[in-house]
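As given, the protein sequences belong to chains A and B, one line each in that order.
For the first sequence, our numbering puts the final residue at 164, and the numbers step up evenly by one.
For the second sequence, our numbering puts the final residue at 383, and the numbers step up evenly by one.
Warning: the hint list may mix true and false statements.
As a list, the in silico SDA-like pairs of lysine to any residue whose alpha-carbon atoms are at most 20 Å apart [to be verified]:
#1 A:14 with B:275
#2 B:275 with B:370
#3 A:42 with B:222
What the hints contain is simulated information worked out from the structure, not anything from laboratory work.
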Amino acid sequence: MAGSHYISRRDFIKLITGAVGAVIGAVIGLPAIDFLIDPALKSVGKDAWVPLGKLETFEIGKPTLATFTRSTVNGWEKTVNSYGVFVLRTSETDTLILSNKCTHLGCHVNWNVDKQEYICPCHDAQFSLNGEVLGGPPPRPMDRYTGDQIQIVDGTLLIHFLGG
Amino acid sequence: MWKKLFAWLDERLALNELYKATLDRPEPKGNWWNTLGSASLFLFLLQGVTGIFLSVYYTPSPDHAYDSIQYIMNGVAFGWLIRGIHHWGATLMVLVVFIHMLRVFITASYKYPRELTWLIGVGLLLCTLGMGFTGYLLPWDQKAYWATTVATSIAGSVPFIGTLIMKALRGGTDLSALTLSRFFAAHIWMLPAVLAGLIGVHVFLIIKHGESEFPGKDD
Numbered sequence: 001m002a003g004s005h006y007i008s009r010r011d012f013i014k015l016i017t018g019a020v021g022a023v024i025g026a027v028i029g030l031p032a033i034d035f036l037i038d039p040a041l042k043s044v045g046k047d048a049w050v051p052l053g054k055l056e057t058f059e060i061g062k063p064t065l066a067t068f069t070r071s072t073v074n075g076w077e078k079t080v081n082s083y084g085v086f087v088l089r090t091s092e093t094d095t096l097i098l099s100n101k102c103t104h105l106g107c108h109v110n111w112n113v114d115k116q117e118y119i120c121p122c123h124d125a126q127f128s129l130n131g132e133v134l135g136g137p138p139p140r141p142m143d144r145y146t147g148d149q150i151q152i153v154d155g156t157l158l159i160h161f162l163g164g
Numbered sequence: 165m166w167k168k169l170f171a172w173l174d175e176r177l178a179l180n181e182l183y184k185a186t187l188d189r190p191e192p193k194g195n196w197w198n199t200l201g202s203a204s205l206f207l208f209l210l211q212g213v214t215g216i217f218l219s220v221y222y223t224p225s226p227d228h229a230y231d232s233i234q235y236i237m238n239g240v241a242f243g244w245l246i247r248g249i250h251h252w253g254a255t256l257m258v259l260v261v262f263i264h265m266l267r268v269f270i271t272a273s274y275k276y277p278r279e280l281t282w283l284i285g286v287g288l289l290l291c292t293l294g295m296g297f298t299g300y301l302l303p304w305d306q307k308a309y310w311a312t313t314v315a316t317s318i319a320g321s322v323p324f325i326g327t328l329i330m331k332a333l334r335g336g337t338d339l340s341a342l343t344l345s346r347f348f349a350a351h352i353w354m355l356p357a358v359l360a361g362l363i364g365v366h367v368f369l370i371i372k373h374g375e376s377e378f379p380g381k382d383d
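Based on the provided sequences and hints, a complete structural model is requested.
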């Protein structure tokens, strides 16, 4: 029957079965893929202006750790994480704000008064007062909050925290 | 090219023989009631797939079970669809399996040489009911909690060993986190494993013996 439009009953049933199966598969399969990767497709706005305290309470010339907590909702559970930044008032008006998260692998660095360095307890990374790398494994200087990431409202110092 | 590839695979995997044995079997005169077994198998696979997907987000602990299902329903893309299919598929599966059993009974298909196929089918029915029973608790809402309280109490009314059965089902004297996690284990591991195994034997026996002729007027 080559060339004609004849289709046997058996072939017709096969074709219809295959087509219906494909439709059912697609109707369930495609949403199922979306279902699985859904958390990866969601953008969660984590940024916020976080108050660190009154500016006058920070001593000039001495790095001071300011901590705050942020909560995120993951699925059905709320997780609260704490973060810290070192606030250094360089003058009456200027501040240098550094994240205490080591740029190597994310441990929390400490200010060592004797050495006048930030030292990471994990792999002995050393940063200067300005956050420059002095030694150890970090790939880049400490993360800074600069310019429009800092606000002073009614004497309270705020930073624009971006999450993570 | 494709023919050659198929021939190569067929020679090693016996694809043609498999196809003939499973899908191209000789059948008695076609009858829609004979499709209920395949429908049950399809529903089992559908429940398996949607169940596996649900387990990605579901958490079997009293603290999180209810909330995780709320999240599936409202937070996850198409969560309502996957859970909806699993929910209604469960009801449908019990129904289809039961009608399948009635059909086999009415057409007397359980007779020689298919007695064991029937007995295994009874096991499959019980496992299916067990799946419904254990799955009902997992949402951990009021309905689930009290339904399981009642059902396990009924199991407790068995003479002599009733209390033991009830405690074994509940994992203690009361419904608790232990009940939820053991029902979950039964629902996603034990019962499906038994079901899959029994289905394998059941289907093998059907292929081996073929389907029974419908009884005629003289039978």
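Against the structure, the hints come out as follows:
no., hint, verdict
1, A:14 with B:275, "violated, 33 Å"
2, B:275 with B:370, "holds, 13 Å"
3, A:42 with B:222, "holds, 19 Å"
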